[in-house]
Amino acid sequence: MAAANVPTARPVPLRALRSFLGTYGLILVLLAMPVAFGIADLREEGDLSRLGNNLLDGLSNGSIWALVAIGYTLVYGIVELINFAHGEVFMIGSFVSAGFFGTIGLTAATGAAGLVVGLLLTLVLAMIASGALNVMIERVAYRPLRNAPKLAPLITAVGFSFILQNVGLLWRGGSQQSIVDLIESQQELFSFAGISVTNGDALAVAVTVPLVLAMTAFIAKSRLGKAMRATAQDPDAARLMGINVDTTISATFLIGGMLAGAAGLIYALYQTTVWFFQGFTAGLIAFTAAVMGGIGNLRGAVLGGLIIGFIQQLSDNRIGTQWTPAIVFAYLVLIMVFKPSGLLGEQTREAG
Amino acid sequence: MSATPTASAPQPAAPGRRGQRARRRGLPDLSSNTRRGLVAAAILFGALLPLFLQSGGGFIDDATLALAYVVMALGLNIIVGFAGLLDLGYVAFFAIGAYTMGYFGSLFHIDVNDGKGLHILVSGPAAELPGIHMNFLLVLVAAIIATTIAGMVIGLPTLRLRGDYIAIVTLAFGEIVGRIAINGDEITGFGTKLTNGRQGITPVDKIDLPFADPFTSLNLRPWYWVAFALVLIVLFVNFRLRDSRLGRAWIALREDEVAAVSMGVPLVRTKLLAYGTGAAFGGMAGAFLASYLNTVNADQFQFSFSIFILAMVILGGLGSIWGVVVGAVALSFINNRLIPDVLNNVPSKIGLDFDLTELSFGIFGFLLVIMMVLRPEGLIPERRRQIELEEGIEDLAVDETVYESRVP
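Chain order of the listed sequences is A and B. Counting along the first sequence from 1, when you hit position 294 you're at 294 in the working numbering, and nothing is skipped either side. Counting along the second sequence from 1, when you hit position 319 you're at 319 in the working numbering, and nothing is skipped either side.
Honestly, the hints are just simulated from the structure, not real lab data. Where hints are given, some of them may not hold.
Stated by the list, open to error - Pairs of lysine to aspartate or glutamate residues, derived as EDC-like cross-links and limited to a Cα-Cα distance of at most 20 Å, are as follows:
1. A:Lys226 <-> A:Glu80
2. A:Lys221 <-> A:Asp234
3. A:Lys150 <-> B:Asp256
4. A:Lys150 <-> B:Glu255
5. A:Lys150 <-> B:Glu257
6. A:Lys226 <-> A:Asp246
7. B:Lys193 <-> B:Asp111
8. A:Lys150 <-> A:Glu80
9. A:Lys150 <-> A:Asp236
Said to hold, decoys possible - Partial chain B-side listing against chain A, Cβ under 8 Å, derived:
10. Pro157
11. Tyr165
12. Val169
13. Glu175
14. Pro214
15. Leu218
16. Ala311
17. Ile314
18. Glu358
19. Leu368
By construction, the Cβ of each residue, glycine as well, lies at the ideal position given by its N, Cα and C atoms.
Let the hints inform the model, and build the full structure from the sequences given.
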């Protein structure tokens, strides 16, 4: 490593390679898989429809991860804590949705109008339940540890994650449960240049985009959003300016939980299975997405979620499902090597 | 209380009260003789304990497991506690250590040397079997070398990173290693598979030491003593390292990286040595556990295992060697004994009819939450951190938590 500091000693081609990698390495890394598979498709099938389908599926999956990742990034931005229980909040959102379908009598035979109203109701309920749960976790597990060493809340977060997993296990048993396919999620809605858009894809995008837009606007414009940003920047100064930091932190957890609940509903409709362990994987992926985009950065979380969705679909479809986690994490390591503070840069106190 | 109230502490009385609490919670100051006596008594107790236990009983089994976890927790403590690098992928070193044992002490390479096997310093039944069989001590050395290298390789990409980015990159490596362990049967090369996939590698050679009878699964005492010896070695290394130049460099990096580097602490070497040393202990424990459990099971190497070990370190007290020992023993007994064996009978005793094994996850999580809320600084906090808590709570807290100035 010491040699790297002596520029004259380096041969010229190596230095050129180094600066080239420094500038374009990240783009190369991100484009490697889609371009490689695109060329293979063109050679074998003559068109890019398979790649397009992969990317579309990635978009809808990625929007679920984006919703969960926003929760991570919001909470991290404001209390600098990896909220390990967040994935389980998402899982509970799925379970509440799946349970509520039965309660209000939604079946695959319900008419379109009834379905829309029912799903909207479920969405609201799932969001409230997950949001309230997240606020409760903050109250019980994180607030008492505010003066504690930094890593202490990490352990209570893990503890709560185990507790919620157990709740899920008792609620719906240990195996994956299929639930009623309300929106016929694999049904093709329309197709475009060989890319078929399914109901599930449409739902994922239709729920995610307005939610993310509304939330971004809320944080940018509203009084509470301003308080959240101020608290994230400097809690002490925020308090001196008359901001109630406790309420603001609770509100952050509420919003994060609500988005996770919405993601839980989409997941249940899209995958048509729920499982007590789904939150664990989702939490890991979403946290990865948040870090990939630059932790504390909302747009980064969305971008990271989408990128991970693409990588996952490409890898599921071409390499094998069993390798997907390894490939997602390998991508994460590569991105961290080229851009140590995430794709869009972090926005935390430590970063200054 | 030498702390001066600053603008960020609105209630001057608060730091003083907190300081007293921190002092009360720490260990009482003991003279060095008492301390030495206590340590000697603890070692004697640990060494003689198996003589009072059934040689094949469940308790000695749990105790041996606990000792292996102590070795791992002490290793992780070097990375997280001393050097302040949050490592969420420690399971990778467990896996690599275990696979070293699997490679060099089982039937895994069954075709090697035309099916006649390769034997280095082994006696007993293993000397007749095909596959590579090496003496446990050699395997231990191999595991240490392999994990040290792996630790440094994993450490390399994290050198430029800060704080929780290190956590996620190490987590990523842990997951990648776990995935490779599970799907490694698809990767072949040099006429052999990389791993055995979900089938796992089993059976694994029993420990075979010179001047000792071959170990069996019926008499667990020798296993316990080997684990205990490993713990003693690791403890010794830990104490010597902590008080060495390198240990002070780690702590300096943990406290303030910029200041430490500008005072001449070599960043790359110090960090990589922390990863390498911590990883080596994980590899030792991994090799031991593979032999003890008689299997290298790919499904063991999950993220939750890293969290389990990390919980031991944080619960015991980050950076505090005795604290980590206590934390590891406590969590291991809670997980392996209290929840499955003791609490299981409670519902039937109080006249309820349900299966508590279904709740074991939740109980473990609940205990973690309770322990942490009651004692957030760990069971036995590190002396240096305790002093910080007493004297400089404002300075420390501004950096580390959001809530410093909150009036309780």
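Quick rundown of the hints versus the structure:
1. A:Lys226 <-> A:Glu80: Answer holds: lysine 226 of chain A to glutamate 80 of chain A is near 18 Å, not above 20 Å.
2. A:Lys221 <-> A:Asp234: Between lysine 221 of chain A and aspartate 234 of chain A the Cα gap is close to 19 Å, so the pair holds against 20 Å.
3. A:Lys150 <-> B:Asp256: holds, 15 Å
4. A:Lys150 <-> B:Glu255: holds, 13 Å
5. A:Lys150 <-> B:Glu257: holds, 17 Å
6. A:Lys226 <-> A:Asp246: holds, 14 Å
7. B:Lys193 <-> B:Asp111: holds, 12 Å
8. A:Lys150 <-> A:Glu80: Measuring from Cα to Cα gives roughly 9 Å; hence the hint holds.
9. A:Lys150 <-> A:Asp236: Given that 20 Å is the threshold and the Cα spacing comes to 17 Å, the pair holds.
10. Pro157: Proline 157 of chain B check passes; min Cβ-Cβ to chain A is 5 Å, inside 8 Å.
11. Tyr165: holds, 6 Å
12. Val169: holds, 5 Å
13. Glu175: Because about 5 Å separates glutamate 175 of chain B from the closest Cβ in chain A, which is inside the 8 Å limit, the hint holds.
14. Pro214: violated, 38 Å
15. Leu218: Hint on leucine 218 of chain B: violated, closest Cβ of chain A at ~34 Å, above 8 Å.
16. Ala311: holds, 5 Å
17. Ile314: Holds, because the Cβ-Cβ distance from isoleucine 314 of chain B to chain A comes to roughly 5 Å (cut-off 8 Å).
18. Glu358: It holds, given that the least Cβ distance between glutamate 358 of chain B and chain A is near 6 Å, below 8 Å.
19. Leu368: holds, 3 Å
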